[in-house]
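K.L.:
Read off the chains here:
Protein chains: 2
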Amino acid sequence: MTARKRTSKKKAARKKAVRKKAGARGKAARKGAAKKASTKKAAKKRSSRRKFVGAKAGASSRAAAATPDSSRRVYFFGNGRADGSAAMKEVLGGKGANLAEMTSLGIPVPPGFTISTAVCAQYSERGGKLPAEVKADVLTALAKVEQLMGLRFGDAEKPLLVSVRSGARASMPGMMDTVLNLGLNRVTVEGLCQLAGERFAFDSYRRFIQMYGDVVLGLPHDRFEQRLENAKLRKGVELDTDLTAADLRALVAEFLETVESHTGRPFPEDPKEQLWGAVEAVFRSWQNNRAVAYRRLHNIEDAWGTAVNVQSMVFGNMGDDCATGVAFTRNPSTGERNFYGEYLINAQGEDVVAGVRTPQPINEPSRTPDTEGLPTLEREMPQAYKELVRIYKRLEKHYRDMQDIEFTIQRGKLWMLQTRSGKRTAAAAVQIAVDMAKERLISREEAVCCVDASSLDQLLHPTIDRNADRQVIARGLPASPGAAVGRVVFSAEEAEAQVRAGEKVVLVRVETSPEDILGMHASEGVLTAKGGMTSHAAVVARGMGKCCVAGCGALAIDYAADQMRVGGVVIKAGDVITIDGSSGEVMLGVVDTVTPELGGAFSELMTWADRIRKLRVRTNADTPQDAELARGFGAEGIGLCRTEHMFFEPDRILAVREMILAGDSASREAALAKLLPIQRSDFEGIFRAMAGLPVTVRLLDPPLHEFLPKTDKDIAAVAGELRSEVAEVRAKLESLMEFNPMLGHRGCRLGVTFPEIYRMQVRAITEAACVVAAEGIKVKPEIMIPLVAHAAELSRLRADAAQVIADVRRERGGSRVRPSIGTMIEVPRAALTADIIAEHADFFSFGTNDLTQMAYALSRDDAGNFLPHYIEEGIISDDPFVSIDEEGIGQLVRLGAERGRSTRPDLKLGICGEHGGDPKSVKFFATVGLDYVSCSPYRVPLARLAAAQAAVEQDEAVG
Amino acid sequence: MTARKRTSKKKAARKKAVRKKAGARGKAARKGAAKKASTKKAAKKRSSRRKFVGAKAGASSRAAAATPDSSRRVYFFGNGRADGSAAMKEVLGGKGANLAEMTSLGIPVPPGFTISTAVCAQYSERGGKLPAEVKADVLTALAKVEQLMGLRFGDAEKPLLVSVRSGARASMPGMMDTVLNLGLNRVTVEGLCQLAGERFAFDSYRRFIQMYGDVVLGLPHDRFEQRLENAKLRKGVELDTDLTAADLRALVAEFLETVESHTGRPFPEDPKEQLWGAVEAVFRSWQNNRAVAYRRLHNIEDAWGTAVNVQSMVFGNMGDDCATGVAFTRNPSTGERNFYGEYLINAQGEDVVAGVRTPQPINEPSRTPDTEGLPTLEREMPQAYKELVRIYKRLEKHYRDMQDIEFTIQRGKLWMLQTRSGKRTAAAAVQIAVDMAKERLISREEAVCCVDASSLDQLLHPTIDRNADRQVIARGLPASPGAAVGRVVFSAEEAEAQVRAGEKVVLVRVETSPEDILGMHASEGVLTAKGGMTSHAAVVARGMGKCCVAGCGALAIDYAADQMRVGGVVIKAGDVITIDGSSGEVMLGVVDTVTPELGGAFSELMTWADRIRKLRVRTNADTPQDAELARGFGAEGIGLCRTEHMFFEPDRILAVREMILAGDSASREAALAKLLPIQRSDFEGIFRAMAGLPVTVRLLDPPLHEFLPKTDKDIAAVAGELRSEVAEVRAKLESLMEFNPMLGHRGCRLGVTFPEIYRMQVRAITEAACVVAAEGIKVKPEIMIPLVAHAAELSRLRADAAQVIADVRRERGGSRVRPSIGTMIEVPRAALTADIIAEHADFFSFGTNDLTQMAYALSRDDAGNFLPHYIEEGIISDDPFVSIDEEGIGQLVRLGAERGRSTRPDLKLGICGEHGGDPKSVKFFATVGLDYVSCSPYRVPLARLAAAQAAVEQDEAVG
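From first to last, the protein sequence lines stand for chains A and B.
With the numbering used here, letter number 622 in the first sequence gets 622, and the count goes up by one each step, no holes.
With the numbering used here, letter number 440 in the second sequence gets 440, and the count goes up by one each step, no holes.
Heads up, some of the hints might be wrong.
No copy is singled out in the list; a pair is fine if it fits within one copy or between any two copies.
In silico lysine to aspartate or glutamate, EDC-like type, Cα no more than 20 Å apart, as pairs [claimed, not checked]:
#, residue 1, residue 2
1, Lys674, Glu146
2, Lys144, Glu254
3, Lys710, Glu734
4, Lys732, Asp558
5, Lys780, Asp842
6, Lys614, Asp712
7, Lys732, Glu364
8, Lys923, Glu706
9, Lys530, Glu728
Since the hints were derived computationally from the structure, they do not count as laboratory data.
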């Protein structure tokens, strides 16, 4: 590992450690959420934050933002004046923009300048040469720095040293190269000896040669490391810090020799030559493999380029009146309003990560059990601390967000090196947003917008206690969040049996099928060996709000032996495991979990969101239990109640199979007659749970073969139950099997070919509605006909349904129940002919799952063989089943909505695919003008928040 | 069977017999073609012909057509003057319009009048009552008829008798009701006795009561039949004609009694009451079940209604100076320019169909072996014949088409009862069109338009000899035209083996799969028990121009016993059968077939078509043989050369399987290296066959599991051949199996995940092109990348292909071969994002098969369970795999074309789905502005003709 990599990794680790301690103090840290937010989302967030800053920041930066000088290439900052501002991230990169902004705010920042991102492109275009005019501007800016610092670049007595750092528009952690202490040479190092002592000077020099050799000259890193090791061996010491000034002086000579012998040229003595070399290296690093791969992964455009920040060095390691530290303006784990951080006396970043000394708390609220007894910065350097508090408050107020800051104290003087929005857990994000709104730092609209909607998901599920010990034996896909602990069972039946017997179980299957639904429901969680994020197990588990780890390929499941093998471990049925649906981890035994508390901040934020949003949020629910759960989460109706899941309950599957095996419509009707009262009572329960709210019931959708047994054993059993021949059942199964069931005999096609099925269902819905209405409960049933491809299908089935409804109303003495009738728009042709279809529909519900599968030619169940490869290679940026593909499938939704309303302006429009629970997709649906989205119960809060954010964004776009 | 039904059926049979004899004289009759032309197409043809007539017919009819009196309800015709014209079919129905037109032309037509179709609607609206003003108009028109005929309706001495017939806009054979001899009662029958003899008068009276009783009064038909039988029994005779006038007088009395006892009211004596009853019955018949079902089946709108034709009766059975006959103005079987027909002396239609007497030829050219020695009309009634000749020539010239006419000679005077466009065989249609253009009756554009393009298909295949004896044992779907005779084989391997041994075979399978391709190719024809018109067997057979009967459900195939059972018959492997792919018939033993001769007329017509059309026509061909065949049929390139069929040849399937089972890309490349020279030589052959013409090669498309064995036995064999483990092969197979292969890992997704496959193919294409180019042959290779859904797929694969092409060109010393690179547009998303995709494509080829499957959610292989039901029930009118669904899928084609050209105006656009061989679809593609269509070789002429027709129609629309 190179020094560079190690440094950046260690730095990240340190930050993480700070956050972790913050969490250990209060609730368990849930850093996953913050990490999950992709760079893209982060970029978006930044850009919306930039807007706030642009609107409200001080006059100096506003002026700069308003009239950026397009010919300017080098932006100076120092002593309260800066050419740039926070609004200029595209030109200055994130780091440079914030350094400029802090400077303009009067905050002490070591002076320096930023070479703009535009130069990065110029550098490549000119085949790796810095334009002369840029060099001239750099020297001008450098002169200003010298003047401010009272030092001179290359001066023998008072040498100016600088750091050279990359800084792109989007954060690319550890991707770019950095050089510190630049400006040292045989002459200036002696000056530094005078200023800061010999040991310090030569240690700095030694580090500089090492870094520069690696980053700029491309010397193998181990050449230096080996000599350092030798020096320590010779001396008989273990730590770098045990080397004396003389040792280091000798080492420097060795290093310089090493460089010359390897490159064939002496190490550059001229500080300007050093500077040009470092600047060019930063620009070159934009094109290195790591950076290119990272950009592809995070959708960062190659053309953006990086800026270069050249900044006067300050040192936290010049003595005991020096220190360095990091802090968050609020607790990043809980969101509590406490200044929170840690520091080290007489140290530089590198010393901290060396792990020799334990960082100290900056104040009492930052103290953890690890730091018992260590003095705080507040006590040790009260002046500097006071100044730091003043600054953090200023920064938070200015940026109107919790900040993550870095500082160095050099000989008692505080310098700020960095400020940026701090990463936080989901819980902290909610707390901070609500607090800041109450503090009037931000508006409620802004508060709603500054929480990542998708992070809410984890707030609603129990999670693994971060501090718990665990033995991870395998890792699958984090398919449905939450954590589950239970005994392993290998079949749905066994799951139900054990749960009846009072056990908690985790259902383990190669993959699941509709027959496993009840077993999945009974289990604490589901673990599968096959299938992706959108496999049956994943989709159904998310719908149930049940934890699921899918596609865990390391499991070798042996149903016959009732056991599975993972690596060397054999796990038998009955053994206890724990699975984590947020990380995909599978663990042996019981691992402690924590149940989240939905505090007042959460409710408050959701209330604000509800007031802001225009899009309604319904839920997908098939049972009264789910309906109630979702209502608790704020669902305003059911957007999708699937009737087929009901068919799998043991008391009805037999009648369903009888119906399927029926040879004519008379015996089909006889079987259906048995199902009618059962379905009716299902619907009664749901209508009661959803009193006063609309309930969209989808008529039978899946192909009939899904209800038939598949294995020889099951076929024999079913034949026995039905008093039918095995051969007959098998023949029926074969006649129903399809090459492409997705495009086969299902949905409304069943309704057209076997009209008695839908008639039974419509009757059950209407009768149930009449019963519940008679209890004085308001019912709003909506009957949804699936898989319509042609208006004639809907027109016929609608007429049929209307007839049944009229019959029931008559039978029930003229009940006022009046179900509306609409259709799914899930077949591309339906979207294309939506104007004609709308003539027969009271509402449309876009089934974006199937619409994506068909219009993208992507079978969800089969995409595992190539879709991950596509995403990895950057051919497509998002899984189109997670976020709707706006470019392609989105066109069909937009077109379907427009054309539908063109012939029927009052058409109600919704969406009930998985996309209804994805914030990015929800925002898209808002722009299309849908009336509601529908998602699984646990995603309802998330959708409410995303809908509110969409409304704010739309208002901004208009205003 | 009712009299009405029997009559119309018999009439149809007589017509058929005439045509059949015409064929027997010359070439075998191929009436199938003419019958196949659907009503819809016929209606279209009629409408385009109407245009010609409208433009060129005589002044009187033109005036009438130009200013139709919208308030007029009753249209008189007689004695050279008519209120209507041929252009008024919508108002007068087909029959009424032609009667008016003939009258205006001065042709002797029994006078009468037509009650317009508008009255049909009025009749229903008024709850089954004729409006009084219509009755008044009818009486006015009737008075004119009386005056012209010198007879009076209801007159005791000179009674006028009329026929009352239906006549809708579109032909609805046998659907509507007719009443003859109306006006007879106890009084007028005596007058008729005076005029025409007692036996004639009472026979007419008896028939009238019977028809009126059935059609108007709804009396069960058998009531009359039984009394007629009794009368013959009492008399001891067998034939109706053996009954005397007295017998008939007694029978009439019995019939009148029957009516009264059954209806409770006496048979109406008042001729006017009779007339109102009959007119209303015709209007009512528009709503009878048969008519409604027929309309639904043939897309005839309910609102069109029927007209009623009331016409003075004329009699061909009043003595030996009377006759009746039918004729075609040219030979309907061969198209020869001979007046062609048959007649009977002293007869009415009913007598002819009674089958007692053999109809006589009207002239020598109409004589057949059956009519040896019978006198011709030309000799027997030279005056009438001469008149008939004058009239038929006038009609043909006027209507500018071959006519089917009906005439009656009453006491030496010729009356024309009907004229209409004559149905004809495909061969006759071609001959007639070319002849008429040469005679300057029509233009060449019109000649091209008056042949039904889809009928050409049968001209190119051998067909069953109509006159051959046959034993039909089952009937399946006519999946691919032509006839085949051969020994039954039950496997593709056996087919190949037998054919190598010199046998001719018919391959019989439950259904076929890609593995059967070579066996299908070797066979004379293919017969399957399962699958529809677009099953694998059907599609592939049509592509090969091979006869196929598909979905013959009656076959119980037992592979194990090497036999099949059909009804009671057992057919063993080796038994000879004959199959007819045009009718779907399966026959025992050898049935004679005839090979069509493509005469000069065909070539001439095609040359005209080629001059007119703008759309180019390519072919789908995978072998040099097919390519040559198609070139012979006029193909202008290959629009689709599938590379996967090549993979199934025995010498390469092993390498293909090795490639699939390869664990890494190195071993995959090793296997591909074996395939490279084989593929190269395939392409060389095709490029040579298509010298100078473009050849579009599609890279590998199907999912890899299609190439692996499926049965245990085959898996074992393959494992042996590959020196691999059975378990390994099985595991690979399982890992490749997909839930919805159509939407799975295939097409360019294979190219993305296994780039070495496409690289090999691109190399083979480019190398082959270089080799052939070096021979001095011009090659125009086009590389087509399938299943692109996202522009990024194409951009990546294009870059990859371009690299390989550049490599090959360099290796070959800078060859000038420059393959273009394009894509299929077959995924809906690709059509929607065509503007972006076009940036990376030199051409698009619409894959409308898959586009239909995906955008319509219709798996071709699975649609058999519901699509036939949909068509039967009129939910959709056409199978969207036969004719493109313009309303839905057509939008995607249009959109794809427009958007593609929006970013790349020179984009070449084609279509290579099955629709390229469907005339209706070809016309649609012409309107969309595609550059070419591509279809199977045997469909190339059909597409050329359809393309020409499209050009004419477009010119008409513009001009």
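K.L.:
Output the indices of the hints that this structure fails to meet, ascending.
P.N.:
Of the numbered hints given earlier, those the structure breaks are 1, 2, 6, 7 and 8, listed in rising order.
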